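**Student:** Now for the letters of each chain:
Number of protein chains: 2
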Amino acid sequence: MDQGQVIKRVQEHLPQTLETLKEYVRLPTVSAQHSAIPETVAFVVAMMEKLGGVTRVLDDLGGNPVIYGFFPAGSKGDPGKTLLFYNHYDVQPPEPFDEWETPPFEPAVKDGKLFARGVADNKGDLVARLTAIQLLQESEDGLPCNVKFMVEGEEEIGSPNLEPYLRKYQELFSADACIWEFGSKDEAERISMVAGIKGMAYLELTCEGAEIDMHSSIGAYVDNAAWRLVQALATMKNKENEILVEGFYDGILEPSERERQVVRNLPFDTEAISRLYGLKRPLITEALGVDPREAMVFHPTMTICGIESGYTGEGAKTVLPKRAKAKVDCRLVPGQDPEHILACVKSHLLKHGFDDISVKMWNGQKAYRSDYDHPFVSHVMETARHVYGHEPIVAPNSAGTGPMYAFGEALRLPIVSTGVGWSGSKVHAPNESIRLQDFEQGIVHMVLMLSGFAQAMDAHLHRSQSGNG
Amino acid sequence: MDQGQVIKRVQEHLPQTLETLKEYVRLPTVSAQHSAIPETVAFVVAMMEKLGGVTRVLDDLGGNPVIYGFFPAGSKGDPGKTLLFYNHYDVQPPEPFDEWETPPFEPAVKDGKLFARGVADNKGDLVARLTAIQLLQESEDGLPCNVKFMVEGEEEIGSPNLEPYLRKYQELFSADACIWEFGSKDEAERISMVAGIKGMAYLELTCEGAEIDMHSSIGAYVDNAAWRLVQALATMKNKENEILVEGFYDGILEPSERERQVVRNLPFDTEAISRLYGLKRPLITEALGVDPREAMVFHPTMTICGIESGYTGEGAKTVLPKRAKAKVDCRLVPGQDPEHILACVKSHLLKHGFDDISVKMWNGQKAYRSDYDHPFVSHVMETARHVYGHEPIVAPNSAGTGPMYAFGEALRLPIVSTGVGWSGSKVHAPNESIRLQDFEQGIVHMVLMLSGFAQAMDAHLHRSQSGNG
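Going line by line, the protein sequences match chains A and B.
With the first letter of the first sequence counted as 1, position 220 gets the number 219 in numbering that gives the first Met the number 0; the numbers rise by one all the way through.
With the first letter of the second sequence counted as 1, position 332 gets the number 331 in numbering that gives the first Met the number 0; the numbers rise by one all the way through.
Hints were generated in silico from the structure; no laboratory data involved.
Among the clues, some could well be false.
Said to hold, decoys possible - Listed below are the simulated DSBU-like cross-link pairs for lysine-lysine, each with C-alpha atoms no more than 30 angstroms apart in a straight line:
id: 1; chain 1: A; residue 1: K350; chain 2: B; residue 2: K112
id: 2; chain 1: B; residue 1: K279; chain 2: A; residue 2: K279
id: 3; chain 1: A; residue 1: K345; chain 2: B; residue 2: K279
id: 4; chain 1: B; residue 1: K238; chain 2: A; residue 2: K350
id: 5; chain 1: A; residue 1: K359; chain 2: B; residue 2: K238
id: 6; chain 1: B; residue 1: K238; chain 2: A; residue 2: K238
id: 7; chain 1: A; residue 1: K359; chain 2: B; residue 2: K345
id: 8; chain 1: B; residue 1: K238; chain 2: A; residue 2: K345
Claimed, not checked - Label pairs and their in silico Cβ distance ranges:
id: 9; chain 1: A; residue 1: E253; chain 2: B; residue 2: H339; range: 50 to 60 angstroms
id: 10; chain 1: B; residue 1: D97; chain 2: A; residue 2: L171; range: 37 to 47 angstroms
id: 11; chain 1: A; residue 1: A187; chain 2: B; residue 2: L349; range: 29 to 39 angstroms
As the list claims (entries may be wrong) - Beyond 12 angstroms from chain B on every Cβ pair, some chain A residues (computed):
id: 12; residue: D1
id: 13; residue: Q4
id: 14; residue: R8
id: 15; residue: P37
id: 16; residue: V44
id: 17; residue: G52
id: 18; residue: V56
id: 19; residue: S74
id: 20; residue: D77
id: 21; residue: S138
id: 22; residue: L171
id: 23; residue: R227
id: 24; residue: E256
id: 25; residue: Q260
id: 26; residue: T300
id: 27; residue: R322
Here the structure is a predicted model, which is why all the values come from computation and not from measurement.
Even glycine gets a Cβ: it sits at the ideal position worked out from N, Cα and C.
I would like the entire structure built from these sequences, with the hints used as guidance.
**Tutor:** Rendered as structure tokens:
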């Protein structure tokens, strides 16, 4: 099929494809809340089997089940080449409900967009990829290579159980290259991909001051868990966004000159970002004179994702709270180790006299960067150039996180992430959406990418052989 | 009636009295949540009218209605003397629900205690006082003086509308002395009263960072409302409990030598307090080498009553919150002005670069101290000595707050606060309770106090006259 034919077929298929996607996002698969896991697993398996895929539901190592899917190359395809798709079927919690314009688990089409929790992150991408397979299967030449899927159900809580599955089922998931779960167009409508991801140490700090909530009048002599937590947090990062935890920056691998150059050339539109989120203040990088692109790719972060203590309802309640909690998300870069970060935060708190604050890690993951010069990276970029009509943006790693390090370590393959989101997708926030046009283009891109995949990998093989010869 | 007779009558009345109290605390009169106001007003009016009280429901000046009640002296009593009771019919919010052992608005008797939201603060006291009137009415000599009630419905949100009512209805509420709403036994079972109260500036600080919640990965370059609020709060009070807001201590009136002496002799059992609340750390006064009794009576406070931002549910949600809020309760001492405190906090935030944090005052009240040497204070102490069998504790002012300043200014009378709570009453917290025995003693105390009231005030009159002569 040429690109024109592919576009035509995608559009013919769209009504049916959208029905499938709507049905998928109706499932409230919130892993943090243990919700709708079995029915979602059954739904994903059914989608794959409907297209003749071979599936296995792996649940022998704990956690939510991991779904394996396999689609063999057609008779005219190359059975020696395998592309692996990584997706996840779980979604972020939908809260706060009252800020959704339509209910999070009732998909609504409006102004060419489909709104629902998980539609951009990451259920839309799975449906797009399965549709690409279907279209290739229905084409004259059939599926041009083997395709495998790994669809897990704990990405939004940090994939705590994924690594053992990858190690035990290394052969089952073995492939020549991997397309990662996500991607989107940026503020200037450029398709934006990454060849790596940041890691994470998602911490929860808890200060216990007493066994019961007290009347606030005794604040004259009784210590306050909320004040303690506030004072402790204030020692960990200053107003200028500098992380003050000793050892936090240990082991960071300096990026290569090529990577630095790529990052310097990434587009970044401060105005557009500010408008998009309705920011009330300048970017925090401005105070430090830092290039926000470098911060995005090369700098670790420490973000308060949530803090809670005492009475937070309407009006005044005069309570001295017994407990205070904060959720702190540290995004890590290659070379940083989440376990070391946890240890550093613990020892920082002790050093500053906060022995009443305990720290727990909800999610620890290392960062990963693929070999930026691998022909697979070039192939994904080349096909994107055709589909999107402009030079794609490929960052050495994303600002976001995923369990890519475990894949890279276990399967030894290049990984590129691309997907069907847009700059206003609001992933992890209320009113998450994709645009139907991006969804169509994403399917077309996957059809073209799969069509030329075996050949591109052959070129790589030849290059490697001649390099070794 | 002698004390023995009074005790007997109180016990005979108890089943009926308890039924009335249970019915009263079943009403979920949460002023912060605008709940059950009209039905509670009707209930209080009915209780008074059942005893022949004359009532008026005042609602011409806004806010929840203020209830006036009047019980004239009996034929053998002194119609020239009037005692005013101040009570409130509203209660604190019951949250967090899951920490109540029995539902907050379903009164439960267990181990000699009655559990319900508002039973100690302050519905139990109103029923005790009305019962005392009933017993005196039923006695041979009848009610020995006039008794007035002011029962308001916004005490738990800081009595924002009380002052205009006091000014407009100054004559209606005029009296010779006032018994204030609350009181309890302390950790060592001593009846504990106050002749004044602290004031309050209850502030809410809000930082708005963006118009929508964002994905936490962009914390590399986007500023964070929760971090801003934490950093701002940390500039307002240090780890050692010192308030750092410039001007906060302005105007504080130094206590008299008599007041200092009384405070130095107040009982204070650090061990017992620590056990009662299950404190995890030493008293915060220890770090500063401050006497906790002095802190309790003479020092202003700044307490975080609540803080909230972003995701606070189970597990990890990687969100960069658009907004953060904190509720901060400052308890004030005589001479401090809540409006000035508000202005100081605002200018402190600006001075420290936090122009993105707004401050609102939910509740502003000045502190008040009665004349400690007034014979009414002595009369209340003397009758307490008889009922409780030990020397009562009377602090120059409480650590807690109420609209006493407005009473003192408008009605010019001495005020003593006493009530039926105990050290484990958990006012403002889950599992609020009173002990039935304290409830009985409180009724007996009010009977004796009213019996000798006219005579005590006459002695005062004579003292004043001879003083003037």
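**Student:** Checked against the structure, which of the hints given earlier come out wrong?
**Tutor:** 1, 2, 7, 23, 26, 27
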